[in-house]
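If you want the building blocks of each chain, they are given just below.
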Amino acid sequence: MAALSYTATLFTSAVVNAWRHRTMSVITVLIVSLMMTTLGMFLVIENELSLMVASVGKRVNLIIYLEDDAPPTDVLALREELLADSRVNTVEYITKEEALERLRTYLEDDPDLLQPLLDNPLQASLEVRSDDPDYLLTQVDYLAAKRIVEDVDLPQDLVENLLQVIQIVRFLGFALGGGLGLVALFVIGSAIRLTVYARRGEIEVLRLMGASDHFIRLPFLLEGIFFGLVGALVSFVLVGASYIWVHELLQQTLSFFPVSLDATYILRLFLTLTLFGIAIGSLGSYLSVRRFLTI
Amino acid sequence: MIVLRNVSKVFDPHITALDDVTLSIPQGDFIFLVGHNGAGKTTLLSLLVRADQATSGVVLIGGQDLALLKGSEIPLLRRRFGIVFQDLKLFPSKTVAENVELAMQVQGCTGKRARSRAAEALALVGLEHRATFLPGNISGGERRKAAIARAIVHQPEIFIADEPTASLSPEVSWEITSLLMQINQLGITTIVSTHDRDVVDGFSRRVVALDGGRIVRDVQVGKFQENFSNATA
Ligand SMILES: Nc1ncnc2c1ncn2[C@@H]1O[C@H](COP(=O)(O)OP(=O)(O)OP(=O)(O)O)[C@@H](O)[C@H]1O
Ligand SMILES: [Mg+2]
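If you read the protein sequences in the order shown, they are chains A and B. When the letters of the first sequence are read in order and numbered with the working numbering, they come out as residues 1 to 295. When the letters of the second sequence are read in order and numbered with the working numbering, they come out as residues 1 to 233.
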């Protein structure tokens, strides 16, 4: 309890320190907020795109059209092989007759259309379902090369494009987030350095009074964490609002986007940004104190 | 027991602040350290708390050779001291009580206990009524008392005051010095550096006189008066 109230006192003094260098503190908070907002935006975009891929992917069947003369034992062997991979959910064997039956049901209202068919022109096929469109994509060429397979069909384009966009978003997020992260570290470090400089007299006195390194460093660490937390809060408000806005926009414009607003995702976003803010704040101040507060 | 054996301190390039000083101060002793500006008083005191290191010679505190201390042991050494700095070094943005509490927090004692100990120390120096004042808003004499309270709140083994009566009126100087005697009576070894002839004359105590970094007098209780002007002239 005593230690807690002491930490509270220290935290208050960290805020007071930040207030003494208002201009520097405001700049610091702005840059940290900017950095974390950028990072947060990328997190949200990545999340939305992944949701899109997942919801599109669920509808995607990889369809393997089989040669007419494919021996049933080979077909069943292929089915077993596909099922052996845990990423594959189901493999359904559609015979020529079943395919025709499906077509009949589909064209129920217009049965005359099928009248002139003497022979069944449809192909037997295997329909593969997976939640992992990425995996299906890698299997296309391998399957197409098989003797009993005539053709492989995957509504690739959309999934492939989305996956590519996700890659780019991830890369940009890492690059920009990393670059801005370094800037934020540097800016927090500079702000702490100012405080160290302003308080060097007090630090000297504390040393002579027998204060430990830990005791002297703690307030600076808290000041760094304070900057990180304020940055996290600002960016959470901005990113959270954009998340809700983007999500609703997507739901309205994309029919296949059935995912409703996710409260746990918002909570996760809050925790991620907060932890990141604490991490970057304490790292920035640690590095600065280590350099400028020589013991 | 504090022991200095052939201690010299040379600052770059060649200022000899202390020159072959040998001195021992038993536990519970009271000494005045006198000498004019630049005689080496502050330098001697700073060696005791390892704020600086002797160029040659040995400094022992309770048998412990300060040259052999590890970095992490220095704070522990300093916590055995209470120091009133020549320029006080009170924290201007903290109240008198907070300044005193800080010395407890440095020792790892926080919260209610630190507050009540700070209140006791302020009562001892007669400054209860200034507890919530900032150091800038009290008189020079009161500031000295605040610094003294901060130096004794953690009940140190050794109390050091560097010129605690400089530029105070004779009455306040007297009051402050009486306070230092009172602290010494608690069994705390007390070392007081001073310029103030009246103070030294008025309280018959051991006097160590420095001149140009050398000990020129070390006179026990009450035998000093007639030599004082020679040592400091
Ligand atoms: N850090 C330092 N670097 C160089 N010289 C120093 C340093 N500290 C003290 N000196 C020199 O050492 C000598 C002794 O100084 P010291 O401060 O110990 O004297 P003092 O007796 O405390 O004087 P005063 O009564 O003015 O406080 C002086 O000549 C001073 O200039
Ligand atoms: Mg001095």
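Keep in mind that the hints were calculated from the coordinates and are not lab data. Ideal Cβ positions, reconstructed from N, Cα and C, are used throughout, including at glycine. Among the clues, some could well be false.
[As the list claims (entries may be wrong)] Per label pair, the in silico range of CB-to-CB distance: (1) A:PHE270 - B:LEU68: 48 to 54 Å; (2) A:GLU248 - B:CYS109: 52 to 58 Å; (3) A:PHE174 - B:GLU157: 53 to 59 Å; (4) B:ARG115 - A:LEU172: 53 to 59 Å; (5) B:LEU134 - A:ILE244: 46 to 52 Å; (6) A:ILE278 - B:CYS109: 27 to 33 Å; (7) B:GLN182 - A:GLU204: 27 to 33 Å; (8) B:LEU134 - A:LEU267: 27 to 33 Å; (9) B:CYS109 - A:LEU30: 35 to 41 Å; (10) B:ARG115 - A:GLU248: 39 to 45 Å; (11) B:CYS109 - A:ARG22: 32 to 38 Å.
Hints, one by one, checked against the model:
| no. | hint | in the structure |
| --- | --- | --- |
| 1 | A:PHE270 - B:LEU68: 48 to 54 Å | holds, 53 Å |
| 2 | A:GLU248 - B:CYS109: 52 to 58 Å | holds, 56 Å |
| 3 | A:PHE174 - B:GLU157: 53 to 59 Å | holds, 57 Å |
| 4 | B:ARG115 - A:LEU172: 53 to 59 Å | holds, 54 Å |
| 5 | B:LEU134 - A:ILE244: 46 to 52 Å | holds, 48 Å |
| 6 | A:ILE278 - B:CYS109: 27 to 33 Å | holds, 28 Å |
| 7 | B:GLN182 - A:GLU204: 27 to 33 Å | holds, 29 Å |
| 8 | B:LEU134 - A:LEU267: 27 to 33 Å | violated, 44 Å |
| 9 | B:CYS109 - A:LEU30: 35 to 41 Å | holds, 40 Å |
| 10 | B:ARG115 - A:GLU248: 39 to 45 Å | violated, 54 Å |
| 11 | B:CYS109 - A:ARG22: 32 to 38 Å | holds, 33 Å |
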